[in-house]
Amino acid sequence: MRTKNKGKDFCMFALPGMFCFFAVVIVPFLYGVYLTLTDWNGVADVKNFVGLKNFGGVVKDAQFWTSLLLTFKYVIFVVIIVNVLAFGIAYLLTRGIKGENFFRAGFFTPNLIGGIVLGYIWQFVFSRVFVNIGESTGWSLFEVSWLSEPTNAFIALVVVSVWQLSGYMILIYVAGFMGLSEDVMEAASIDGASGFVKLKNIIMPLMMSSITICLFLTLSRAFMVYDVNLSLTAGAPYGTTEMAAMHVYEKAFTSRQFGVGQAEALILFIIVACISGIQVYLTKRQEVEA
Amino acid sequence: MRKKVMAKVILTVLILAMSATVLTGCRFGFASDPDDPNEVEKKVPIDTSTDTFEYDASLDGTSITLLNTKAEIQVALEEMGAEFEKKSGVHVEVMPVTDGDSPYTKMISLYNSGNPPTLAILDTTDVIALAEEKAVDLTGEAWTAEAEGYTTDIGGKIYSFPLCIEGRGVIYNRKAIEETLGREFDPDSVTTLDQFKALLDELVAGGMEKPVSMAKEDWSLGAHQLQYIYETFDGTSEGAQKVIGDIKAGEADLHSYGRVSEFLDMFDVLKEYNVAKGDPLGADYDEMAIDLADGKTAFWFNGNWAWPNLSEAGAKEEDAYGFLPYFMNNDSSDFVNSKIQGSPSKQVMLDGQVATEKEQAAAKEFLNWIVYSEIGQQMLVKTCNIIPPFQNNPYEPADPLSRDIYEKVHNGRAFNASAIVPNDHWAVLGAAMQKYLAGRSDREELINSIQDYWNEQE
Numbered sequence: 008m009r010t011k012n013k014g015k016d017f018c019m020f021a022l023p024g025m026f027c028f029f030a031v032v033i034v035p036f037l038y039g040v041y042l043t044l045t046d047w048n049g050v051a052d053v054k055n056f057v058g059l060k061n062f063g064g065v066v067k068d069a070q071f072w073t074s075l076l077l078t079f080k081y082v083i084f085v086v087i088i089v090n091v092l093a094f095g096i097a098y099l100l101t102r103g104i105k106g107e108n109f110f111r112a113g114f115f116t117p118n119l120i121g122g123i124v125l126g127y128i129w130q131f132v133f134s135r136v137f138v139n140i141g142e143s144t145g146w147s148l149f150e151v152s153w154l155s156e157p158t159n160a161f162i163a164l165v166v167v168s169v170w171q172l173s174g175y176m177i178l179i180y181v182a183g184f185m186g187l188s189e190d191v192m193e194a195a196s197i198d199g200a201s202g203f204v205k206l207k208n209i210i211m212p213l214m215m216s217s218i219t220i221c222l223f224l225t226l227s228r229a230f231m232v233y234d235v236n237l238s239l240t241a242g243a244p245y246g247t248t249e250m251a252a253m254h255v256y257e258k259a260f261t262s263r264q265f266g267v268g269q270a271e272a273l274i275l276f277i278i279v280a281c282i283s284g285i286q287v288y289l290t291k292r293q294e295v296e297a
Numbered sequence: 004m005r006k007k008v009m010a011k012v013i014l015t016v017l018i019l020a021m022s023a024t025v026l027t028g029c030r031f032g033f034a035s036d037p038d039d040p041n042e043v044e045k046k047v048p049i050d051t052s053t054d055t056f057e058y059d060a061s062l063d064g065t066s067i068t069l070l071n072t073k074a075e076i077q078v079a080l081e082e083m084g085a086e087f088e089k090k091s092g093v094h095v096e097v098m099p100v101t102d103g104d105s106p107y108t109k110m111i112s113l114y115n116s117g118n119p120p121t122l123a124i125l126d127t128t129d130v131i132a133l134a135e136e137k138a139v140d141l142t143g144e145a146w147t148a149e150a151e152g153y154t155t156d157i158g159g160k161i162y163s164f165p166l167c168i169e170g171r172g173v174i175y176n177r178k179a180i181e182e183t184l185g186r187e188f189d190p191d192s193v194t195t196l197d198q199f200k201a202l203l204d205e206l207v208a209g210g211m212e213k214p215v216s217m218a219k220e221d222w223s224l225g226a227h228q229l230q231y232i233y234e235t236f237d238g239t240s241e242g243a244q245k246v247i248g249d250i251k252a253g254e255a256d257l258h259s260y261g262r263v264s265e266f267l268d269m270f271d272v273l274k275e276y277n278v279a280k281g282d283p284l285g286a287d288y289d290e291m292a293i294d295l296a297d298g299k300t301a302f303w304f305n306g307n308w309a310w311p312n313l314s315e316a317g318a319k320e321e322d323a324y325g326f327l328p329y330f331m332n333n334d335s336s337d338f339v340n341s342k343i344q345g346s347p348s349k350q351v352m353l354d355g356q357v358a359t360e361k362e363q364a365a366a367k368e369f370l371n372w373i374v375y376s377e378i379g380q381q382m383l384v385k386t387c388n389i390i391p392p393f394q395n396n397p398y399e400p401a402d403p404l405s406r407d408i409y410e411k412v413h414n415g416r417a418f419n420a421s422a423i424v425p426n427d428h429w430a431v432l433g434a435a436m437q438k439y440l441a442g443r444s445d446r447e448e449l450i451n452s453i454q455d456y457w458n459e460q461e
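Note that the protein sequences, when read in sequence, are chains Y and G.
Here the first sequence stands for residues 8 to 297, where the numbers follow our numbering.
Here the second sequence stands for residues 4 to 461, where the numbers follow our numbering.
By construction, these hints were calculated from the structure, which means they are not laboratory data.
Where hints are given, some of them may not hold.
[As the list claims (entries may be wrong)] With a Cα cut of at most 16 Å, we get these calculated EDC-like pairs of lysine to aspartate or glutamate: (1) G:Lys251 x G:Asp455; (2) Y:Lys67 x G:Glu459; (3) G:Lys280 x Y:Glu150; (4) Y:Lys60 x G:Glu461.
The model shown is predicted, which means the values in this text are computed figures rather than measured ones.
The whole structure should be built from the sequences, with the hints applied where relevant.
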């Protein structure tokens, strides 16, 4: 009787969700893995099995490894800056300063603008507004468009991503700070903990669950960045800001090498999955109960 | 409590207002999209009184789809479809490819969803990639005779309908040149690279500091400029294919192949006089059109598709714009110094996999209607503003750029060569060209990257 009920419950509650998950995640994923073993060009009726040839193509594709390296660099910058900034701002925004809600909403707004729109807005800022400022003030920093010099274009990408992602992380950290028990804080103060000691020994361990979520979100989002990359720089100048996800798309659709593009996507997936998995495992271990 | 709620409401309103102004404020300063399909353009009246075309009554009620990848003629094509429906009873649904979607990607998704368009306007490379498996063989169609020299041969067959001729070169603004020089300017008087350079120097001396605009876009650098090295081999598509084959096979050395250094000689001249020389990769496309129309610059390397941008920047149809050739050396008898490149760029492919026989027949009738009916001929030229590749079409395009190409094509002052290159040629080598344009690589590095690109092709 009991088992029968369980089966019925499973069918009622889990099956629809499972079905959708299989249909839009698992099946396409497995199909994608299968495509890495074929020479399909996207439209042909026949798909010839070519074994691991596409992975050989990935090894030979120097641009992919360059873009992967660039992505790593980008991820490191974005994850650190976003989390430090968001943590700091969230800390300030839970101290009871005037207009807290206004600021919270203000910082969150960039996250409501889609990546593509955001990219175009900032493109305008970097290549027109900044250049105009440079022209009228003579500041060499803004003399030429940031987007036409590889290092500056990379910095521009990081700046825009940080600006976009921080708001969301601030919200999560704010929730974390609000959840801190007043009793614990008070007890810590009575025991003489203050300032940095309190932050390091009391607040940080209690905030670990928020940090886990925020790190995971920023890591995976930064690795998979595409929209801002496309609309802000589109790889310019001369392909130096092309991140891994964008390279995969270009490989599949512009170079029309579906197999190689798909194999690169798979490699990117494995890298992101491993790194995020390790991160979640490590930070979860640091979590404590109040 | 109530006060608190009120405060919150006011705060929310304030925030909404703030974000709204931020968002709308950012729109300020963007030039409007020249390819905006919704833009209302002035209508050219079409004379529909004569129509000797014979319609097949059995096709009445058939519905076909047309995938349009030329955004600027979306409205015009819809009008054309409506007119054709009035006469033949065949409904033509024109599907646009939105910005950001590449035509080929759109075709892939439509084919994979089992819903391909009956007719699709594609680039020649796309037709070559798809035709043999998907398209209907159009070799026997009557219009192939009218479009002689402009059809694309794939394995001895014709799978596509050439929709238009497009040409490119160095666009000049005659008025701006004459005002700066203080004398009359005859575009035909310039026949060598040195003469072109002398003209540029004269313009600089006359007060026009930097007379050239040069797009930094990879499609312009990688496809429209760089492809001269293949297309000028002997000015034919076959010649271009031959030289590409030789480079691919390692038989032609790019370092010693003359057209490469000649091409770069011209490119260097354009680069030297570039209005955006200080920051060539920061150049803005819309601004180039404005600069040329305002007479801040005298030349812009581009094609006749730049007319909507120029017209938006204030250029009038009666103004004197035209093309100079892409001068590559000082031999005035070399065809590159007297002819501009003009060849069919968009091809219409007819689906043979999913479309029914009736739909195929209706689609063929539509293509015939464009070539042979008085209304179709007029609409192709006047409504779509296209340079027709069909000899029997008596109408001439209205804008100065298309008119110049039309005249050059008909006077034998254009060469019809289009290089068929891999699809990522413009993107990969466009980046290499950008690096060269920005002065961050030398000829040696650029030529090596072109060679490397071809070595990687199978």
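Comparing the hints with the structure gives:
1. G:Lys251 x G:Asp455: holds, 10 Å
2. Y:Lys67 x G:Glu459: holds, 10 Å
3. G:Lys280 x Y:Glu150: The given pair, whose Cα atoms are some 13 Å apart, holds under the 16 Å limit.
4. Y:Lys60 x G:Glu461: Given pair Lys60 of chain Y, Glu461 of chain G holds - Cα atoms ~13 Å apart, limit 16 Å.
Every hint, counting from the list given before, is met by this structure.
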